[in-house]
Amino acid sequence: MLNLIRNEWMKLWSKKGTWVMTGLIIIAAIGVMGMMKWVNDFSSMGEVDAEILGQGNWEQVIKEELEMTTATLEQKGLKAEEKKQLEGNKKVLEYRLSHSIEPLVDNDRNFFIASGSTSSLFVLLMTVIVAAGIVAAEFSQGTIKMLLTRPIKRWKILTSKYLTVLLFGFVLMIIDFIVMTISAYMFFPVGAGKELIWNGKEVVEASVWGHGLYMLLLEFGGIIILATFAFMVGTIFRSNGMAVGLSLFIYFTGPIVVLQLQRYEIAKYLLFANSDLTMYETGYIPLEGLTLPFSLAVLAVYLVIFLVISFTSFIKRDITA
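So for the sequence shown, the working numbering puts the first residue at 61; every next one is plus one.
Label pairs and their computed distance ranges (CB to CB):
#1 Val231 x Glu147: 35 to 43 Å
#2 Leu62 x Val121: 50 to 58 Å
#3 Lys143 x Val121: 18 to 26 Å
#4 Trp79 x Lys213: 26 to 34 Å
#5 Val250 x Thr209: 57 to 65 Å
#6 Val231 x Gly305: 20 to 28 Å
#7 Leu223 x Glu348: 30 to 38 Å
#8 Leu277 x Leu207: 28 to 36 Å
#9 Gly202 x Leu181: 27 to 35 Å
#10 Glu341 x Gly251: 13 to 21 Å
#11 Tyr274 x Glu124: 21 to 29 Å
#12 Asp101 x Lys123: 24 to 32 Å
#13 Lys76 x Asn117: 48 to 56 Å
Simulated from the structure, these hints should not be mistaken for laboratory data.
No experiment lies behind these values; they were computed from the predicted model shown.
Each residue gets a CB set at the ideal place from its N, CA and C atoms; glycine is no exception.
Construct the entire structure; sequences and hints are all you get.
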(Lines of atoms letter the chains of each structure in order from A and count residues from 1; the text may use other names and numbers.)
(Lines give C-alpha, C1' and ligand atoms only; values in the text may rest on other atoms or scores of the structure.)
Protein backbone atom coordinates (compact mmCIF):
# COMPACT_ATOMS: atom_id res chain seq x y z
CA MET A 1 0.00 0.00 0.00
CA LEU A 2 2.82 2.41 0.85
CA ASN A 3 4.38 1.84 -2.57
CA LEU A 4 1.04 2.58 -4.24
CA ILE A 5 0.65 5.80 -2.27
CA ARG A 6 4.23 6.77 -3.11
CA ASN A 7 3.56 6.19 -6.81
CA GLU A 8 0.37 8.25 -6.71
CA TRP A 9 2.19 11.01 -4.82
CA MET A 10 4.96 11.12 -7.41
CA LYS A 11 2.44 11.14 -10.27
CA LEU A 12 0.59 14.01 -8.62
CA TRP A 13 3.68 16.17 -8.15
CA SER A 14 4.98 15.40 -11.62
CA LYS A 15 2.17 17.56 -12.99
CA LYS A 16 2.76 21.27 -13.47
CA GLY A 17 -0.77 21.97 -12.30
CA THR A 18 0.05 20.69 -8.81
CA TRP A 19 2.92 23.15 -8.47
CA VAL A 20 0.74 25.94 -9.84
CA MET A 21 -1.94 25.18 -7.24
CA THR A 22 0.66 25.18 -4.46
CA GLY A 23 2.00 28.50 -5.71
CA LEU A 24 -1.50 29.95 -5.72
CA ILE A 25 -1.98 28.87 -2.10
CA ILE A 26 1.22 30.68 -1.11
CA ILE A 27 0.23 33.81 -3.05
CA ALA A 28 -3.28 33.73 -1.56
CA ALA A 29 -1.95 33.43 2.00
CA ILE A 30 0.45 36.36 1.54
CA GLY A 31 -2.23 38.36 -0.27
CA VAL A 32 -4.81 37.88 2.47
CA MET A 33 -2.35 38.90 5.17
CA GLY A 34 -1.21 41.89 3.13
CA MET A 35 -4.82 42.96 2.66
CA MET A 36 -5.47 42.62 6.40
CA LYS A 37 -2.41 44.77 7.07
CA TRP A 38 -3.70 47.45 4.70
CA VAL A 39 -7.18 47.36 6.26
CA ASN A 40 -5.76 47.64 9.78
CA ASP A 41 -3.48 50.52 8.80
CA PHE A 42 -6.40 52.31 7.18
CA SER A 43 -8.75 51.75 10.12
CA SER A 44 -6.09 52.83 12.62
CA MET A 45 -6.44 56.38 11.24
CA GLY A 46 -9.76 56.62 13.05
CA GLU A 47 -8.59 55.25 16.38
CA VAL A 48 -8.01 58.69 17.89
CA ASP A 49 -11.50 59.84 16.94
CA ALA A 50 -12.92 56.60 18.32
CA GLU A 51 -11.24 57.18 21.67
CA ILE A 52 -12.61 60.75 21.81
CA LEU A 53 -16.12 59.40 21.19
CA GLY A 54 -15.69 56.76 23.87
CA GLN A 55 -15.48 53.90 21.40
CA GLY A 56 -12.86 51.17 21.14
CA ASN A 57 -13.14 50.30 24.86
CA TRP A 58 -12.61 46.54 25.03
CA GLU A 59 -14.00 46.38 28.58
CA GLN A 60 -17.30 47.86 27.43
CA VAL A 61 -17.47 45.34 24.60
CA ILE A 62 -16.82 42.47 27.04
CA LYS A 63 -19.49 43.79 29.42
CA GLU A 64 -22.06 43.89 26.63
CA GLU A 65 -21.10 40.38 25.54
CA LEU A 66 -21.39 39.20 29.15
CA GLU A 67 -24.88 40.70 29.44
CA MET A 68 -25.97 38.92 26.24
CA THR A 69 -24.51 35.61 27.44
CA THR A 70 -26.23 35.94 30.82
CA ALA A 71 -29.56 36.73 29.15
CA THR A 72 -29.21 33.70 26.89
CA LEU A 73 -28.49 31.45 29.86
CA GLU A 74 -31.72 32.56 31.50
CA GLN A 75 -33.76 31.35 28.54
CA LYS A 76 -35.68 28.11 28.88
CA GLY A 77 -35.20 25.09 26.68
CA LEU A 78 -31.42 25.26 26.39
CA LYS A 79 -29.76 21.95 25.59
CA ALA A 80 -27.23 20.68 28.14
CA GLU A 81 -24.32 21.08 25.73
CA GLU A 82 -25.36 24.64 24.80
CA LYS A 83 -25.76 25.59 28.44
CA LYS A 84 -22.35 24.16 29.30
CA GLN A 85 -20.68 26.13 26.50
CA LEU A 86 -22.41 29.37 27.48
CA GLU A 87 -21.46 28.94 31.13
CA GLY A 88 -17.85 28.46 30.11
CA ASN A 89 -17.98 31.60 27.94
CA LYS A 90 -19.47 33.53 30.84
CA LYS A 91 -16.69 32.50 33.21
CA VAL A 92 -14.07 33.57 30.65
CA LEU A 93 -15.73 36.96 30.18
CA GLU A 94 -15.99 37.51 33.94
CA TYR A 95 -12.35 36.53 34.36
CA ARG A 96 -11.26 39.04 31.71
CA LEU A 97 -13.06 41.87 33.46
CA SER A 98 -11.91 40.99 36.97
CA HIS A 99 -8.26 40.58 35.91
CA SER A 100 -8.22 43.27 33.16
CA ILE A 101 -7.04 40.87 30.46
CA GLU A 102 -7.69 42.10 26.93
CA PRO A 103 -8.88 39.69 24.23
CA LEU A 104 -6.92 39.16 21.03
CA VAL A 105 -7.65 41.78 18.39
CA ASP A 106 -7.38 41.60 14.61
CA ASN A 107 -4.16 43.64 14.45
CA ASP A 108 -2.36 41.24 16.78
CA ARG A 109 0.05 38.65 15.39
CA ASN A 110 -1.24 36.04 17.82
CA PHE A 111 -4.80 36.61 16.61
CA PHE A 112 -3.94 35.27 13.17
CA ILE A 113 -1.91 32.36 14.51
CA ALA A 114 -4.79 31.33 16.79
CA SER A 115 -7.27 31.62 13.90
CA GLY A 116 -5.63 28.83 11.89
CA SER A 117 -5.75 28.99 8.10
CA THR A 118 -6.40 32.28 6.32
CA SER A 119 -6.93 30.71 2.89
CA SER A 120 -8.89 27.54 3.70
CA LEU A 121 -11.26 28.22 0.79
CA PHE A 122 -8.34 28.05 -1.65
CA VAL A 123 -7.07 24.86 0.00
CA LEU A 124 -10.57 23.39 -0.28
CA LEU A 125 -10.81 24.29 -3.96
CA MET A 126 -7.40 22.82 -4.84
CA THR A 127 -8.07 19.62 -2.89
CA VAL A 128 -11.46 19.19 -4.55
CA ILE A 129 -9.87 19.63 -7.99
CA VAL A 130 -7.32 16.89 -7.25
CA ALA A 131 -9.96 14.60 -5.71
CA ALA A 132 -12.24 15.02 -8.71
CA GLY A 133 -9.55 14.24 -11.26
CA ILE A 134 -7.36 11.61 -9.64
CA VAL A 135 -9.58 8.78 -10.92
CA ALA A 136 -11.38 10.53 -13.77
CA ALA A 137 -8.05 11.46 -15.38
CA GLU A 138 -7.10 7.80 -15.64
CA PHE A 139 -10.16 7.24 -17.83
CA SER A 140 -9.81 10.38 -19.92
CA GLN A 141 -6.11 9.72 -20.59
CA GLY A 142 -6.70 6.03 -21.32
CA THR A 143 -4.29 4.81 -18.64
CA ILE A 144 -6.94 3.03 -16.58
CA LYS A 145 -6.55 -0.31 -18.41
CA MET A 146 -2.80 -0.32 -17.86
CA LEU A 147 -3.36 0.48 -14.19
CA LEU A 148 -5.90 -2.30 -13.65
CA THR A 149 -3.94 -4.98 -15.50
CA ARG A 150 -1.38 -4.93 -12.72
CA PRO A 151 -1.70 -7.80 -10.18
CA ILE A 152 -3.07 -5.48 -7.53
CA LYS A 153 -6.59 -5.52 -6.17
CA ARG A 154 -8.77 -2.65 -7.26
CA TRP A 155 -9.70 -1.59 -3.75
CA LYS A 156 -6.02 -1.08 -2.95
CA ILE A 157 -5.56 1.09 -6.03
CA LEU A 158 -8.56 3.25 -5.13
CA THR A 159 -7.51 3.45 -1.47
CA SER A 160 -4.06 4.70 -2.46
CA LYS A 161 -5.62 7.40 -4.62
CA TYR A 162 -8.00 8.49 -1.87
CA LEU A 163 -5.26 8.65 0.77
CA THR A 164 -3.10 10.64 -1.64
CA VAL A 165 -5.90 13.19 -1.97
CA LEU A 166 -6.18 13.55 1.81
CA LEU A 167 -2.41 13.84 2.16
CA PHE A 168 -2.32 16.51 -0.53
CA GLY A 169 -5.02 18.53 1.22
CA PHE A 170 -3.20 18.21 4.55
CA VAL A 171 0.09 19.37 3.03
CA LEU A 172 -1.63 22.40 1.49
CA MET A 173 -3.16 23.28 4.89
CA ILE A 174 0.27 23.12 6.55
CA ILE A 175 1.86 25.20 3.78
CA ASP A 176 -0.88 27.80 4.12
CA PHE A 177 -0.46 27.92 7.91
CA ILE A 178 3.32 28.29 7.66
CA VAL A 179 3.12 31.08 5.07
CA MET A 180 0.40 32.82 7.07
CA THR A 181 2.50 32.63 10.24
CA ILE A 182 5.57 34.04 8.50
CA SER A 183 3.42 36.85 7.05
CA ALA A 184 1.95 37.56 10.50
CA TYR A 185 5.45 37.97 11.91
CA MET A 186 6.34 40.30 9.04
CA PHE A 187 3.22 42.47 9.07
CA PHE A 188 1.87 42.54 12.65
CA PRO A 189 3.24 43.15 16.16
CA VAL A 190 2.34 41.22 19.31
CA GLY A 191 -0.44 42.95 21.24
CA ALA A 192 -1.44 42.85 24.90
CA GLY A 193 -4.37 40.48 24.34
CA LYS A 194 -4.49 36.86 25.48
CA GLU A 195 -6.52 33.83 24.49
CA LEU A 196 -8.44 32.42 27.48
CA ILE A 197 -10.46 29.22 27.77
CA TRP A 198 -12.55 27.45 30.41
CA ASN A 199 -11.14 23.94 30.91
CA GLY A 200 -14.06 22.75 33.01
CA LYS A 201 -12.46 23.70 36.32
CA GLU A 202 -10.85 27.10 35.84
CA VAL A 203 -10.05 29.81 33.31
CA VAL A 204 -6.57 29.36 31.86
CA GLU A 205 -4.52 31.01 29.17
CA ALA A 206 -4.62 29.01 25.94
CA SER A 207 -1.67 28.49 23.64
CA VAL A 208 -2.24 30.43 20.42
CA TRP A 209 -0.26 27.75 18.58
CA GLY A 210 -2.36 24.97 20.04
CA HIS A 211 -5.57 26.81 19.21
CA GLY A 212 -4.35 27.55 15.70
CA LEU A 213 -3.55 23.90 15.04
CA TYR A 214 -6.92 22.90 16.49
CA MET A 215 -8.64 25.30 14.11
CA LEU A 216 -6.68 23.75 11.25
CA LEU A 217 -7.93 20.33 12.30
CA LEU A 218 -11.54 21.54 12.34
CA GLU A 219 -11.15 23.17 8.91
CA PHE A 220 -9.57 20.02 7.53
CA GLY A 221 -12.64 18.06 8.62
CA GLY A 222 -14.79 20.06 6.20
CA ILE A 223 -12.19 19.64 3.46
CA ILE A 224 -12.17 15.86 3.92
CA ILE A 225 -15.92 15.49 3.53
CA LEU A 226 -16.18 17.69 0.42
CA ALA A 227 -13.09 16.15 -1.17
CA THR A 228 -14.59 12.70 -0.56
CA PHE A 229 -17.79 13.77 -2.29
CA ALA A 230 -15.79 15.05 -5.28
CA PHE A 231 -13.79 11.80 -5.25
CA MET A 232 -17.04 9.81 -5.38
CA VAL A 233 -18.53 11.81 -8.26
CA GLY A 234 -15.28 11.66 -10.22
CA THR A 235 -15.07 7.90 -9.70
CA ILE A 236 -18.67 7.22 -10.76
CA PHE A 237 -19.06 9.58 -13.70
CA ARG A 238 -15.37 9.79 -14.73
CA SER A 239 -15.78 13.55 -15.11
CA ASN A 240 -13.65 15.90 -13.02
CA GLY A 241 -15.63 18.91 -14.29
CA MET A 242 -18.90 17.49 -12.96
CA ALA A 243 -17.25 16.52 -9.66
CA VAL A 244 -15.77 19.98 -9.10
CA GLY A 245 -18.98 21.72 -10.16
CA LEU A 246 -21.25 19.67 -7.91
CA SER A 247 -18.88 19.98 -4.95
CA LEU A 248 -18.67 23.77 -5.20
CA PHE A 249 -22.42 23.99 -5.80
CA ILE A 250 -23.03 22.11 -2.54
CA TYR A 251 -20.46 24.22 -0.70
CA PHE A 252 -21.95 27.58 -1.69
CA THR A 253 -25.67 26.70 -1.73
CA GLY A 254 -25.60 24.49 1.37
CA PRO A 255 -25.89 27.32 3.93
CA ILE A 256 -28.86 28.77 2.00
CA VAL A 257 -30.65 25.42 2.10
CA VAL A 258 -29.99 25.14 5.84
CA LEU A 259 -31.55 28.56 6.44
CA GLN A 260 -34.59 27.61 4.38
CA LEU A 261 -35.10 24.37 6.30
CA GLN A 262 -34.02 25.49 9.76
CA ARG A 263 -37.54 25.13 11.16
CA TYR A 264 -37.52 21.41 10.38
CA GLU A 265 -35.78 18.75 12.44
CA ILE A 266 -34.28 17.14 9.34
CA ALA A 267 -32.08 20.21 8.77
CA LYS A 268 -29.74 19.02 11.54
CA TYR A 269 -28.91 15.91 9.54
CA LEU A 270 -27.99 17.67 6.31
CA LEU A 271 -24.38 17.50 5.20
CA PHE A 272 -23.90 21.24 4.86
CA ALA A 273 -25.36 21.94 8.32
CA ASN A 274 -22.45 20.06 9.89
CA SER A 275 -19.53 20.40 7.48
CA ASP A 276 -18.15 23.65 8.95
CA LEU A 277 -16.74 22.41 12.25
CA THR A 278 -15.12 25.77 13.03
CA MET A 279 -18.57 27.06 14.01
CA TYR A 280 -18.06 25.46 17.43
CA GLU A 281 -15.10 27.78 18.01
CA THR A 282 -16.44 30.92 16.35
CA GLY A 283 -19.78 30.59 18.15
CA TYR A 284 -21.93 30.92 15.02
CA ILE A 285 -24.05 27.75 15.10
CA PRO A 286 -26.87 27.96 12.52
CA LEU A 287 -29.21 25.41 14.14
CA GLU A 288 -30.19 24.63 17.70
CA GLY A 289 -29.14 21.27 19.05
CA LEU A 290 -25.94 20.99 17.04
CA THR A 291 -22.87 19.87 18.97
CA LEU A 292 -19.38 18.86 17.89
CA PRO A 293 -19.89 15.13 18.66
CA PHE A 294 -23.22 15.19 16.79
CA SER A 295 -21.68 16.85 13.71
CA LEU A 296 -18.76 14.42 13.72
CA ALA A 297 -21.20 11.49 13.83
CA VAL A 298 -23.28 12.88 10.96
CA LEU A 299 -20.19 13.56 8.84
CA ALA A 300 -18.88 10.06 9.56
CA VAL A 301 -22.11 8.56 8.19
CA TYR A 302 -21.87 10.66 5.01
CA LEU A 303 -18.18 9.78 4.66
CA VAL A 304 -18.92 6.05 4.85
CA ILE A 305 -21.74 6.38 2.30
CA PHE A 306 -19.54 8.29 -0.16
CA LEU A 307 -16.71 5.79 0.17
CA VAL A 308 -18.95 2.73 -0.13
CA ILE A 309 -20.45 4.14 -3.35
CA SER A 310 -16.99 5.01 -4.69
CA PHE A 311 -15.45 1.61 -4.01
CA THR A 312 -18.50 -0.35 -5.17
CA SER A 313 -18.60 1.55 -8.45
CA PHE A 314 -14.85 1.24 -9.10
CA ILE A 315 -14.55 -2.44 -8.18
CA LYS A 316 -17.57 -3.62 -10.17
CA ARG A 317 -16.99 -1.46 -13.26
CA ASP A 318 -16.22 -3.28 -16.45
CA ILE A 319 -13.21 -1.63 -18.09
CA THR A 320 -13.55 -2.09 -21.85
CA ALA A 321 -11.25 -1.06 -24.64
